[in-house]
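**Q** These are the residues of each chain, in order.
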Amino acid sequence: MLSLWLRRLSTDRIVRLRDSSPSPRVAGRSEERAPLVVTGKRGNVEVLTAVDEAAGRLGLSPGLTLAQARAMHPGIDVVAEDIEADTVLLESIADWFLRYTPLVACDAPDGLLLDISGCSHLYGGERALVADLSGRLEHAGFAYSLAIAGTIGAAWAAAHYGKPANHSGGEERALLAPLPLSALRIPPVTAASLARVGLKRIGDILDLPRAPLTARFGSDVLRQLDRALGHEHEPLTPRLPVAPYVAEQRFAEPIAREDDILAVARRLARRLQFALERRGDGARRIELTLFRTDGMVRRIAAGTSRPLRDPDDIRGLFVERLAALADAFDPGFGFDMARLSVIVAEPCPPQQIGIGGGEDEAELCRLIDRLSARLGARRVQRLTAQDSHIPEAAEAALPAQAVNGDAGWTAFRRYREETALSPRPLRLLTRPEPIEAVAEVPDGPPLRFRWRRALHEVVAAEGPERIEGAWWSEHGGPARDYFRVEDKSGLRFWLFRAGLYRDLVPGSPAPTWFLHGTFA
Amino acid sequence: MGLVMNAQLRQRLLALRGTTRTAPGIGNGFGVLPAVLPLGIAAIDTMLGGGLMRGALHEISAPAETHTAAATGFALGLAALGGATRATRTPSPRRGEGWGEGVLPSPLPAPPHPTSRSLSSGRASRGPAGSVDLSPLGRGEKRSVLWIAEEMARAESGAPHGAGLDAFGLAPERLLTVTVSHRRDLLWGMEEALRCRAVGVVIGEMRPGKIDEIAVRRLSLAAGESGALALLLRAAPAADSSTAATRWIVGAASSAIAHGPGAPRIAAHLVRNRRGPAGSWILEWSDSDERFILATHAQPVAAPAFDRPHRQVA
Chain A
528 MLSLWLRRLS TDRIVRLRDS SPSPRVAGRS EERAPLVVTG KRGNVEVLTA VDEAAGRLGL
588 SPGLTLAQAR AMHPGIDVVA EDIEADTVLL ESIADWFLRY TPLVACDAPD GLLLDISGCS
648 HLYGGERALV ADLSGRLEHA GFAYSLAIAG TIGAAWAAAH YGKPANHSGG EERALLAPLP
708 LSALRIPPVT AASLARVGLK RIGDILDLPR APLTARFGSD VLRQLDRALG HEHEPLTPRL
768 PVAPYVAEQR FAEPIAREDD ILAVARRLAR RLQFALERRG DGARRIELTL FRTDGMVRRI
828 AAGTSRPLRD PDDIRGLFVE RLAALADAFD PGFGFDMARL SVIVAEPCPP QQIGIGGGED
888 EAELCRLIDR LSARLGARRV QRLTAQDSHI PEAAEAALPA QAVNGDAGWT AFRRYREETA
948 LSPRPLRLLT RPEPIEAVAE VPDGPPLRFR WRRALHEVVA AEGPERIEGA WWSEHGGPAR
1008 DYFRVEDKSG LRFWLFRAGL YRDLVPGSPA PTWFLHGTFA
Chain B
464 MGLVMNAQLR QRLLALRGTT RTAPGIGNGF GVLPAVLPLG IAAIDTMLGG GLMRGALHEI
524 SAPAETHTAA ATGFALGLAA LGGATRATRT PSPRRGEGWG EGVLPSPLPA PPHPTSRSLS
584 SGRASRGPAG SVDLSPLGRG EKRSVLWIAE EMARAESGAP HGAGLDAFGL APERLLTVTV
644 SHRRDLLWGM EEALRCRAVG VVIGEMRPGK IDEIAVRRLS LAAGESGALA LLLRAAPAAD
704 SSTAATRWIV GAASSAIAHG PGAPRIAAHL VRNRRGPAGS WILEWSDSDE RFILATHAQP
764 VAAPAFDRPH RQVA
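Heads up: the protein sequence lines correspond to chains A and B, in order. So the first sequence is residues 528 to 1047, counted in my numbering. So the second sequence is residues 464 to 777, counted in my numbering.
None of these hints come from the bench; they were simulated from the model. Remember, predicted model here, so these are calculated numbers, not experimental data. From the three backbone atoms N, C-alpha and C, an ideal C-beta is built for every residue, glycine too. You may find that some hints are simply not true.
[What the hints assert, rightly or not] Here are some, though not all, of the chain B residues that point toward chain A, as calculated from beta-carbon distances under 8 Å:
#1 L628
#2 G672
#3 H732
#4 L733
[Claimed, not checked] Taking beta-carbon pairs under 7 Å as the criterion, some of the chain B residues facing chain A (in silico):
#5 H624
#6 A626
#7 D703
#8 S705
#9 A726
[Claimed, not checked] Residues from chain B that keep clear of chain A, each with C-beta distances beyond 10 Å, as calculated:
#10 Q471
#11 R475
#12 G512
#13 T535
#14 P623
#15 A656
#16 R660
#17 E676
#18 I677
#19 S683
#20 A702
#21 A715
#22 R728
Produce the complete structure using the sequences and hints provided.
**A** Right, dumping it as structure tokens:
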């Protein structure tokens, strides 16, 4: 377990931002820069939440009020805190370190936990991994301390309070004993009350009888101790779900060309294919993670409409995704690592290849996947019949990748036969549009109406077809009387009057008319 | 015995097909589509040279934006005829005779075609191998219809309504709808779909405006390669030139009956036809036959001087 503590995340973020900004006024060498402090409101007081190295040397520390700090050193540079930006930065650093292990957890507000068990040999041992990681962090300008230990608790304590070093499993006792109790990640209040009775270091409570401790300070203290010592398991919650199938490749030279990236995707897919075949799975959602040399991470995901294994099909998906991204896909100085992960896998029954409808079916799935990858899955739809009698709710257009089978139309046809449903329009407006209509008799069809500023004289009408609103629901709306009308030029419309004259309360306005659809 | 009858029947079918066909069947899959899609109305089919050419782009525009539904109806009717018929339908003997596509062959003796004889004999001599393109229910039963529309067009004219489509002979489960925000995506999507073997008809719907001629040419080529029917549905008649095989202006027509609106009825004007003259008809979608029929003229429509389609039908 590797615990990483970014000691000055907020100030490092601000300094990095200023360094990259082109304006000469704020850009400057660090020696010339005024001590930087970050402030935020705690209660009613403006207090320092973070200080940079120079400010730290001046004796400023987080928790000091701003007024006091200003009184001590009037020349300090004060910046308001931005917790959201800090979180975003921490998450992007977490993504950056996905290159070492898929199990990266954010340890808010300024730490990361990496489960590197079983991964370190890929870098030539823990020492080499730490060297690689530290190099990258230093290059990016972050102050950090890190430690490796057998448990999360021990690694955290060592990173925050101890000397940065490697500690293998079983050494937790020796490692923890000299550290203060707050290294156990217990609330400050508990730590303070422990200190009042003279228990200041972890070594002080290591061999104490457990029952009185629990009785006095709660079970929290001992649980944290057990976790740090490895007597109790502590789960790590990775920031991103861990993919069941992963293949990755590092490059000696960064790659930037689209063709190269696609070739790599295909090669990785080929590797995944064997693993997928062995377990009888196919990919439903695939993600290509590209690690840029400067630490930026690009994640490109694509969905499929059926479990997929074929490397060429997978490559085809990313062709469309990259085309859709176009300029937003910025390779910078190139990518030095690529990873292909199957995020969602589903059993994929073996299929007979040959003469038959299956070929066409597969072709259609491929088309749906390509269109969805390029345009977005929500734009490629199939109509499904829903269980409702209200026209706009009777059908739903759902992403084609998610719809299988006949989508309820067989049931709909049976319903139509049974109820002798009156004709339905060919095109339905997304929402009914209000019209000004004049009817001869209150309950009858309109004589003329105005829709989108054009007047239509009704020459023929059919109806009404009464469709009740969802009376069981508060948002059901009134009953509607639908009419099929034809105007002078032969246009046919589907109109309705929302509300019945029968239900009208004296004094309320007359029911309004709407146009809902058009017939051929 | 059965084999002999089968062979004879096949000969006859091939002969029939050879006479009305102007080009051999097209298609890159196992199922070969006939080269034309007959509307089942002799007057129109003769003008079109047997029917609407498959593997080509056809433009259908509404005279004004309010008439979009009528133009949509025409396009969907063609889509329903062109292979995406309801999967549950049993072919009646009358219909099954022709193409296995659920459409009527032209009842007229079609104009003799120079290649017809060599074509039919060449195909017949292939023997049993020739039977691939004669599967009793054409591949059309399986093919999908892709309707790709600009977002604004859909917002303006309404989204396809499955219950209405079903009545128009197009099973909603065969329909894929796609919305795009840019015209170039529309053209890209149409081209992709045309290249897909599983799609029989591609309808592209766009708002009034110009369209890139090169893109239209590309669509025509893509359709030609796959044999699919490409329909471009436009909300207003286009002023630009185009490489489309036919151009139609389709608006609504008043139903003749006095009480209540009748069956879907449209006024179809063929304004450009690469293979023959232009013309105007009033068509009605017949729900029971699931095809267009020539409507009794509510208003007199000028027919071309040399052709009197309504007499032949009557």
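**Q** State for each hint whether it applies.
**A** Outcome of the hint check:
1. L628: Hint on B/L628: holds, closest Cβ of chain A at ~7 Å, below 8 Å.
2. G672: Hint violated; B/G672 Cβ to chain A Cβ min 19 Å, cut 8 Å.
3. H732: violated (14 Å)
4. L733: At 18 Å from the nearest chain A Cβ, B/L733 fails the 8 Å test, so the hint is violated.
5. H624: Given a least distance of 4 Å, the restraint on B/H624 holds.
6. A626: holds (4 Å)
7. D703: B/D703 check fails; min Cβ-Cβ to chain A is 26 Å, beyond 7 Å.
8. S705: violated (24 Å)
9. A726: Constraint on B/A726 not satisfied, violated at 9 Å.
10. Q471: holds (26 Å)
11. R475: Given that every Cβ of chain A is farther than 10 Å from that of B/R475, nearest at about 26 Å, it holds.
12. G512: holds (26 Å)
13. T535: Incorrect as stated: the minimum Cβ-Cβ distance to chain A is 6 Å, not above 10 Å.
14. P623: Given that some Cβ of chain A is not farther than 10 Å from that of B/P623, nearest at about 6 Å, it is violated.
15. A656: Contrary to the label, B/A656 does not stay out of reach of chain A, its closest Cβ about 6 Å off (not over 10 Å).
16. R660: Given that some Cβ of chain A is not farther than 10 Å from that of B/R660, nearest at about 5 Å, it is violated.
17. E676: holds (23 Å)
18. I677: The claim stands: B/I677 keeps its Cβ more than 10 Å from every Cβ of chain A (closest is about 19 Å).
19. S683: B/S683 clear of chain A: closest Cβ-Cβ about 20 Å, beyond 10 Å.
20. A702: Holds: least Cβ distance 22 Å, greater than 10 Å.
21. A715: violated (4 Å)
22. R728: violated (7 Å)
The structure does not agree with the numbered hints 2, 3, 4, 7, 8, 9, 13, 14, 15, 16, 21 and 22 stated previously, though it agrees with the rest.
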